[in-house]
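Trainee: As you go down the protein sequences, you meet chains E and L in turn. Under this note's numbering, the first residue of the first sequence carries the number 1, and numbering increases by one thereafter. Under this note's numbering, the first residue of the second sequence carries the number 1001, and numbering increases by one thereafter.
Computed Cβ-Cβ distance ranges for the label pairs, DEER-style:
| no. | chain 1 | residue 1 | chain 2 | residue 2 | range |
| --- | --- | --- | --- | --- | --- |
| 1 | E | Asp-41 | L | Ser-1110 | 35 to 41 Å |
| 2 | L | Lys-1122 | E | Asp-67 | 32 to 38 Å |
| 3 | L | Lys-1109 | E | Glu-805 | 43 to 49 Å |
| 4 | E | Pro-549 | L | Lys-1109 | 52 to 58 Å |
| 5 | E | Glu-805 | L | Trp-1051 | 40 to 46 Å |
| 6 | E | Pro-803 | L | Thr-1121 | 31 to 37 Å |
Each computed BS3-like pair below joins lysine-lysine, with the alpha-carbon atoms no more than 30 Å apart:
| no. | chain 1 | residue 1 | chain 2 | residue 2 |
| --- | --- | --- | --- | --- |
| 7 | E | Lys-524 | L | Lys-1079 |
| 8 | L | Lys-1047 | E | Lys-250 |
| 9 | E | Lys-693 | L | Lys-1044 |
Per the computed footprint, the stretches of chain E lying under chain L, defined by three or more beta-carbons under 8 Å from a beta-carbon of chain L, are:
| no. | region |
| --- | --- |
| 10 | 70-83 |
| 11 | 87-94 |
| 12 | 670-678 |
For the record, the hints were derived by calculation from the structure and aren't laboratory data. Keep in mind the model is a prediction, meaning the values are calculated, not measured. All C-beta atoms in this analysis are idealised placements derived from N, C-alpha and C, irrespective of residue type, glycine included.
Each chain, written out:
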Amino acid sequence: MVKRIEEVVEQGGTNEIRPDFFREPPVKYTGGDLPWQWEEDGMVVTRSASWAAPGCHDGCGVLIYTDKQTGKFIKVEGDEDNPYYQGRLCARCITLKEAIYHPDRVLYPMKRDPKFRGQPDKWQRVTWDEAYALIKERFDEIKAKYGAKSIVFSLGTGRGTAPYMTRLQYAFGSSQYAYFLSGNSCYVPRVAASFVLMGAYTCPDTAQYFIDRYDHQGWVPPKNIFVWGNNPLIANADGNLGHWIVDCMKRGSKLITIDPKLTWLAAKSELWLQIRPGTDAALALAMGKIIVEEDLYDHEFVDNWCYGFEQYYEATKEWDLARASEVTWIPEEKIRRAAYLMAEKPSSVQWGLAIDMTMECIAGSAAIVDLWSITGQIDIPGGMITTHQPFNIQTWNPPDPAESLTIEEQKARIGGDDFPALKYSGVVLTQADMTIDQMLSSRPYKIRANWIQSTNALSCTAQQPDTRMEQAYCNAEFNVMLDPFMTPTAQACCDVFLPVCLYPERNGIRSIYYFVQNTNKACKPLGESKSDMEICWELGRQWNAEMWPGDTVEEFFSFTMKEVGMSFEETREENWIYPEFHYEKFRKGEQRPDGQLGFNTPTGRIELYSTLFGQWGQKPVPHYAEPPYSPYNVPDGFNKEEYLQRYPLIMTTGARQWASFHSEHRQIPHLRALHPNPEFEISPQTAAERGIKQGDWCWIENHIGRIQLKANIQPILDSRVVSLDHAWWFPERDAKDSLDKNGKRMGSYGTYASNPNVIIQAGCGESGFGNNCKSQLCQVYLCEPEEIYAQTDMAEIALRFAPNEELI
Amino acid sequence: MSENSQSTEAFGLLINYEYCTGCHSCEVSCQMEHNLPTDRWGIKLQKIGPWQIKQDVYQYDFVPIPTDQCDLCASRTSKGKKPLCVKHCQSLVMDYGKVNDLLKRFDGKSKFTIFVPKSGTKSEVIQVS
Ligand code: SF4
Ligand code: SF4
Ligand code: SF4
Chain E
1 MVKRIEEVVE QGGTNEIRPD FFREPPVKYT GGDLPWQWEE DGMVVTRSAS WAAPGCHDGC
61 GVLIYTDKQT GKFIKVEGDE DNPYYQGRLC ARCITLKEAI YHPDRVLYPM KRDPKFRGQP
121 DKWQRVTWDE AYALIKERFD EIKAKYGAKS IVFSLGTGRG TAPYMTRLQY AFGSSQYAYF
181 LSGNSCYVPR VAASFVLMGA YTCPDTAQYF IDRYDHQGWV PPKNIFVWGN NPLIANADGN
241 LGHWIVDCMK RGSKLITIDP KLTWLAAKSE LWLQIRPGTD AALALAMGKI IVEEDLYDHE
301 FVDNWCYGFE QYYEATKEWD LARASEVTWI PEEKIRRAAY LMAEKPSSVQ WGLAIDMTME
361 CIAGSAAIVD LWSITGQIDI PGGMITTHQP FNIQTWNPPD PAESLTIEEQ KARIGGDDFP
421 ALKYSGVVLT QADMTIDQML SSRPYKIRAN WIQSTNALSC TAQQPDTRME QAYCNAEFNV
481 MLDPFMTPTA QACCDVFLPV CLYPERNGIR SIYYFVQNTN KACKPLGESK SDMEICWELG
541 RQWNAEMWPG DTVEEFFSFT MKEVGMSFEE TREENWIYPE FHYEKFRKGE QRPDGQLGFN
601 TPTGRIELYS TLFGQWGQKP VPHYAEPPYS PYNVPDGFNK EEYLQRYPLI MTTGARQWAS
661 FHSEHRQIPH LRALHPNPEF EISPQTAAER GIKQGDWCWI ENHIGRIQLK ANIQPILDSR
721 VVSLDHAWWF PERDAKDSLD KNGKRMGSYG TYASNPNVII QAGCGESGFG NNCKSQLCQV
781 YLCEPEEIYA QTDMAEIALR FAPNEELI
Chain L
1001 MSENSQSTEA FGLLINYEYC TGCHSCEVSC QMEHNLPTDR WGIKLQKIGP WQIKQDVYQY
1061 DFVPIPTDQC DLCASRTSKG KKPLCVKHCQ SLVMDYGKVN DLLKRFDGKS KFTIFVPKSG
1121 TKSEVIQVS
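Extracted from the complex, chain L is given alone in its bound form (with noise of 0.2 Å):
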């Protein structure tokens, strides 16, 4: 398998990190479906700010981290079902599959990023439960 076709066949998780307001559902979804302690994430929500750029202008996101305890879901995905972070989402802005169907998302109009953890990468997975 080329480089490049390894990298199409990977898993990601899609953020439109433009609308996510920092409301914590994916983080704890994810702890109480994969039994993580309080202070443990399969997904880490970064804030970034506020600050001010300009008059009027203000630095204010956040950001979801997949961390390497994630397994994107692979018990839910099996069966067809959502990730559960991307389910709970209140922005809607989460979304699970294979990164070049993810890519299809960006509509160069709003902020995204894509996640690929290592659970994505087919190497191997650490079990978060």
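Bound conformation, chain E alone (with noise of 0.2 Å):
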């Protein structure tokens, strides 16, 4: 069993660890006073919920428009009756014309020999019944000599397709579920740390959980909200849209924001942490042991609902504030000031990727985790609110392997039994490193076959050199991708391409926290394309149709979400469903599974000290690591001085940019035109110590190799850190990989050429998670004026991808 904890533990209370639990109150509002559709001067409306693919996986609701008489899509509004978002937008969803019409949208299944990989004018158009079939012989033939665990199957961030595809492969019969990024380093650690931790996750309350929002009876503001490591205004990540926090603004709630850079977030925090980047824990640490010592803390909340809080203060000893300060670069007065804050209630914490993006994140989140515990804030209004899969939909997290595979099964996922974090956590991915490591090297077995879907990993999740994801796919017989548009990954790796239609062309369930609607079809797919969820149901089913129950795909759904007590077709007239919120669940018996009191930990309390941890043979207690690459420590084989001579400024990346979701959406023009061309940030001085001028293009270069992006030049940036774009690719470029004057490869599309990822040192921490993506060391200087790769064209951009109505 993957997710049970097989040692006895001796605290008492449960040892299973199961983060799809939870006791589903009775539905508590629904949006079923409102036509989910009807006309309008011609053209018919219909509500729906946003969800990825184009955009991301937060859902924000839509109303689609299309031609009454063709039924074709005319545009996409705001939905204002939609307590989610409430009829606001970002870019991404706003330009959705521009995706739905786009002149590079794949549209019908091809297929390509494997010898001609790379070559964009060797696909042939395939029905989908030769390509299903193809498929099915491929990797039926590959699982009955070498094992259904020699294919993987890979997503990215995902766009809602996780529980789809996991099932699919589940189907078949293969436990290898992966994420590339190099120590699995998104999201997934601070959930996993907050599962073992808290037997829960958690997020800011902002009234998220109420379909009157901010007017909830009940409901406060948070008196601070703590922005740490991410730029939520951009990333709306995970769930939680940025600009709640503006909204909490409004009604009175100060920032305290963690960011290396001077967001605009940060330019109007209460306070502004501009830290170094990778030393998060250190500052949470220091920020605990104030908490501790001057008397912060939460008497009763401590005493009754965490354990190990000595434990916990012993490891905070050493971060006194001067260390805090030398190592963290923020001054004294400012940490200690954060800790009197986070000591107020209520307190919460918008937490992103920059805690994930360490060696030791898990240590690291379970830092943040104790600050917002010994301070109370969990459950209550305007604090960290537990929150879950409504009504146990799966739409978000995989199924339970164990409930479609053998022991055996299960045992074959790559790392699974070799990180008790991995293993025991919950989590169902396998270990990235380990994964790429046995597809280059084919041990302890070969891996034959990829299923690629909703994900570009050459160019989001390639680490050094550059070539090694792209070599790790292509050393496989077969490879499969399913995708809107054609991707660097599917021209440089794939063999079969199965398009995957758009938002409004599909069925679907939008559920990620909080509430749950359907996402309707309001227009026919272009071409033939169809949904991830149609395509991995249809396939499925060949190989296992017990696991998906129904007739239809909407049948399915209804399956999945069984627990809301209504039809797929039912839930569509409700619009959004919410269950019923509590606070303070965990007085009530309502955060845990047998209906005791407390979390649902293995002591029935927030473990400050984690039993589990040190079952697992990890410190129980938070602690920090210096980054592998930083001006104090550089890895051994290197002579330090010489290192940090050649390589003297912090690199951090993966700034997020409003024009894009990670490599999405760089071939709409109008998202484009926001951001044409892949930039770094630089301060005014350390740019003119190099001769380097706004708009310059520049080589970022460390031991690894260099990339090429454009200077922008940011006044209040530490003159020690620059600050790179990340997942770039150039749809209007060579989809054939080339190589640049110096031997340098382009990869397809140009994806290597300004690519932070391929000069990131790959490698993950002591619990199989984390790697120092924010936190690595470079040199940067000028580009020779015949080195410019190119810069971009947007009359040219917005010529060939000018969106083409004729389309059907």
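Using the supplied hints, reconstruct the complex from the two chains, each of which is provided in its own coordinate frame.
Mentor: Printed below as a string of structure tokens:
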């Protein structure tokens, strides 16, 4: 059993971690008084919830306008009745029309002989039946000869496809569910740490559980919101919309922003902690020490609901202000002030990716969980509310592999037996680095095929050297890609391409926390494209029909949402369905499967000292680890002094832009125009020292290689730090790989030209999680004029990628 | 009509720019609604900052300014709908109406401005589409 803790836990209580467990009170509110479809001025309006592709996986409320006569897509607007975002939309959904009618959309299934990988003119159109038959034949053949475990199913941030793709692979018999960022260092580590320590996941309370939102009786705005390690206004990560923070600011919330960069939120903050990238855990430990020593903690909560307070305090002791300030580069007084603000009630923390992107991210996440725990913020109005998938709907989390895979099949999961934190914390992913290593080395056995769905791994998660991810995929005999657009990964590595339709063209379920809503099909998919869900359902049934109940994909949706007590057709009539939300569930026996008071952890308390980490051979208390490449630390094998002289700047990566979601949207004209070129931020002083002016193309180089980005001089940036965009590729450039003048590989659509991933050292921490993607070292210097790859020509992009409304 | 009463009849866009985050939703909504190319705007964001004013105090604002190609979404407002930029504004800092009514929204606590674009002044409007 993957999710079961087999060892007996001394401290008593249940020893089972079930991230998908919760006791759901009845349906509380719905939007059933509103129609889901009506007519207006010769158009049909369909109320729906967006859910990538395209866009992100937040699922804002939308109204889709289609032509009454032809049924064709006309436009999208926000849905003002929808409580989640109240009619607002970000630029990524606003430009939906340019995605729908994009001339580069792939509209038919295609195949290509593997010997022609990388050659764009070698694709051949096939029918869906042919494509399915080919996949089935090849996958079955590999399974018969080498076992289902030799096929890897990979996903990126996932556009809500995780439960469908994993069900497909479990129907096939493979437990190799992969996400390829080194150390799986995105979101999953924070979730894993939360479940181990709190038996639950928590989010800042911005009234998102209430249909009347900020007017709800009993809700109060957080007094303080800590924006920690993300730029939520742009990122909108993991179901929480960044502008909810602005809503709270208007209602009096103060901000404390922890970010190396002066973001807009940082500029508006009561307190901005300009942290050295990668040192968040040290800051959290130092704040904890002050909170304990200056008696700011919540005694009632700590005494009754926390476990291991003494050991926790012991772990913070070495973090006096002087040391913390030296490590984090934050002035002592500001750290102290942050600790005092954290202790005020209610305070909440909007944390993000920077926490995952350190080698010891689990320990770092724990350090932050402990702060909101000892100050008693959990499940109070305006604090950190516990959340989960409403009604156990399977639209975000994968199904439990134990339901369909044998013990043997589950055990085959790469890394599953090597890292207890991966084995026991409810995570069902493989360990990313081990998976790539195995794909490259074929040890202990060869990976023969890949199913690649909603990920463009070559642009988003490839890490050094630039060919690693590509080679790993290409070592397999047979690769299948599902996407709406041709991508570098598909072009360079794949043999079958299954075209995915966009959200106005399909049915589905929107649900990441808080509520559930149908995504309603408003128009026909262009060409022969199909939804991610439909494809998994159609193929999955061929392997194991029992796992896909229902005669239509909609009937299958009804099955996955059965605990709502309504069918897919019925939920459509309700628009949005919210469960009843209770504060302080832990005081009422609503936070544990056995109905006991407290939290769903072995001790029934928040584990400041983690009994599970202890069992797993990890340090049970939070701790800090210096990044492997930093001004104070360089790995053995390098001459430290020499290395620091050559690469003196901290390189932080993954800067989010309004115009894109990871590698998506580079081909959407009105989005590309907002941010046409890959950029990096640099301080005026650092730029001047190097003769760099605004807009100059520069090399960013370290011991692994170099990439080219355009300088954006930022007045308030620390002169020792540069910050880089991520996941660039250029849909307008050559689909074929090529070499630059010095023999550097550009990759398909130039994806290695400007992508920091290719100069980031891969490798995870002791837990199997975490990689310092946001804290590496580099040097920056001007490109010679003849070295510059290309300046984006917006006129060309506007022309080439103009929407073609004739597409059907 | 006296000059004064004419100004009260003017229509405009109110911006509570204290909370404008520079998200571009207004710009892009206008471009999509009015079929404007990538290098033409009915409303255009201006970025002011960031710079440091004094210790721990920064200037960093965004203000969207309607252009002569803004028709105040005449075809929407005539049907009682909000202009699309107003509807999609992610910080909910925009409003549309008669200048006199908009003025009442000034709360004396945060940074406001009202723009009366050419189309709000009753002089001839340049067709945006
Ligand atoms: S956050 Fe933006 S891209 Fe994501 S669903 Fe909402 S409007 Fe669409
Ligand atoms: S009111 Fe209409 S025309 Fe004017 S800027 Fe806003 S969206 Fe554009
Ligand atoms: S939509 Fe609103 S918050 Fe966004 S840039 Fe425009 S005015 Fe500012």
